[in-house]
Amino acid sequence: MTTTLAPPLRIGKAAVGALGMLAAATGTLESVVTPTLPLLQRELSMSPAQGALLSITMLITGALVTPVAGNLGDRYGGKWMMLRLMAVVSAGGLVSSLAPNLPVLLLGQVLEGAMVGAMPLSFILVRKHLPTGESQVAIGVVSGLFVGGGMLGTLLAGPIAEGLSRHWMFAIPTIAVAVATLLVHRLMPNDPPARSDARIDWPGLVLLSGVLLTLMLGLSMAPEFGSRPLALGALVVLLALLVTGWIFVERRSPSPMVDLNLVAKPAIWSSYAVTFAVCVGTSVSMYLVPQLFAVSADGYGFGAGSTDIGRYLLPGAVAGAISGPLGGAAARRFGSSAVVTAGVGVMTATLVALAFVHTEIWHLVVGKALIALTSGVCITAMVVKTATSVDHGNTGTATSLVLVTRVIGFAAGAQVSGAFLTAGTHPGMEGPAESAFVTGFVIAGAVTALSLLAVRTMSKGVKA
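Position in the sequence shown (first residue = 1) + 5 = our numbering.
Just so you know, these hints were derived from the structure itself, not from any lab. Nothing here was measured: the structure is a model prediction, and the numbers come from that model. Be aware that one or more of the hints could be misleading.
Here are the computed distance ranges between Cβ atoms for each label pair [said to hold, decoys possible]:
id : residue 1 : residue 2 : range
1  : T364      : L88       : 49 to 57 Å
2  : A269      : L169      : 47 to 55 Å
3  : L187      : V241      : 41 to 49 Å
4  : R316      : V241      : 36 to 44 Å
All C-beta atoms in this analysis are idealised placements derived from N, C-alpha and C, irrespective of residue type, glycine included.
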């Protein structure tokens, strides 16, 4: 029987600020590998394949950990789970900072992947301790600071690694994570567990992890499937078996890992569908725009180097950082459905425009900034919508699945983009044909536009 406790204490700006600091610190730690991958490959004698494995390790473990963390946060309290999760992340950062070789660094990245689960735990806490309107803004602030931290890590990782060492680019944000965790522990009151009497659904947990791991593995191998049809068929069959087994187990479990009746609500499944489509479109632009900058200026590109590309992408990073707070405030003012409809419309138009108008650098800079802004606003609105469409006891589980969907959407968009460019690179060519970029942008716009079909159902079944 669930114990009835007194209402949780209302939190102030300092507690929300501590959650925001933690989000910024984890975002910084998450983003340091990508811009320094060439340096890490040189220092650790990694092959390109090993570098690719390193770049997706945290993504895979984050997808596995996030739904578990959200579910356990609902059961035992968001703060209780967050402190333990951040202990794992801090240990991972320490291992990464001291890593003498690739296997140890991979271990550190596996442990750091737990940080992705901190976001739904933050949403549990602000929703339990703040009224609906204020919690929507707080969710936007935390989401925005996570993106802002990622921008900071992208900008500073290279200078720190080259000026100090690769060890310090992991150590500095890890110290920030530890300090922010202590502030959360001190400033955030304990939240009562919603389902403290419920047992953990271990079969459901194992099967869900298998589904996500198989799906991420399939996405990582997508560019090779044209030459390996048997591998594709085997993965599809395995994925179908795992999904079927997971649904069977969850429907019969007295305490399921994911309540399928909850997921079946129009307001919930439509949020996941919109999130996936928006993230696919965003990921395509994130992959194609830098590639287009780097194409030789003798053709249709600009011949930009790494430093120039980073400078060109900076406005988009800033737009992404402010999109979280803006999305939370807009969802409170106009409603999530209206915000998402407007965001998807602007994003679709921008992607299609980039397919046909990319002859000047400013075309790509402005387009990438608009996509980053509208994507962040849409995803934050989706998180707000999902969090406020369920009861408090399911906040972590429901929002964690939004974030898992986000990870899968980004991975799918990146792999599809890579496949387009690979197919568009013919023998004797230095780079892909311009038509490969055009096709990628058009398809991304079409996928994003299709999400409007799901937006219509978002207002159904909403819990006040």
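Hints and how they fare:
no. : hint                    : verdict
1   : T364 x L88: 49 to 57 Å  : holds, 52 Å
2   : A269 x L169: 47 to 55 Å : holds, 51 Å
3   : L187 x V241: 41 to 49 Å : holds, 46 Å
4   : R316 x V241: 36 to 44 Å : holds, 42 Å
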